[in-house]
Amino acid sequence: MQFTPAYRRDIFVESLARELTIAYIIQRSREMKVDIAAIECGPDHLHLFVKQWKNWKIPVLVWPLKTYSSRMMRKGHRYLFSDKLWGKKFWSCGYFHRTVGAVNSETVKRYITEGQKKHWKELEHRPQRTLLGYSA
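Numbering of the sequence shown is given in this note's numbering, commencing with residue 141 and proceeding in unit increments.
One thing to keep in mind: the hints can contain errors.
[As the list claims (entries may be wrong)] In silico BS3-like cross-links for lysine-lysine, where the CA-CA straight-line distance does not exceed 25 Å:
#	residue 1	residue 2
1	Lys206	Lys228
2	Lys249	Lys197
3	Lys206	Lys229
[Said to hold, decoys possible] Quick list of the computed label-pair ranges, beta carbon to beta carbon:
#	residue 1	residue 2	range
4	Trp226	Arg250	35 to 41 Å
5	Ser245	Tyr219	33 to 39 Å
6	Arg250	Glu159	29 to 35 Å
It should be emphasised that the hints constitute simulated quantities derived from the structure, not laboratory data. We put the beta carbon where it would ideally sit given N, CA and C, even for glycine.
Between the sequences and the hints, there should be enough to build the whole structure, so can you do that?
Right under this line is the structure:
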């Protein structure tokens, strides 16, 4: 599954925002008795590998995860992303999901945990802009 913050803002560049969001999603999934086998963020999205969700329809599974994490982040940690998001929005309205019958669970876990590193490398290599860099 993939969730995207509102306006596809890069709120997960802030490591505390990333860690807290993941913690809230894991907390809610445990309350729902759903197993999250892997979870990781890119700067502007979050991937989840959900196991043991057969008792849930996908939209019914997504709604409490997004709602709870959004409410907790806005209620207690708005300062981490107030420059990028405003109002009552945290997540965008949609989500992406795909069942993974064609590959084994280890492949999906590796994609989620290792595959997201490419997004962070792109950010690390960006040169810092200076005021002098804007003068031509």
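Task: Violated hints - listed by number, lowest first - done: 6
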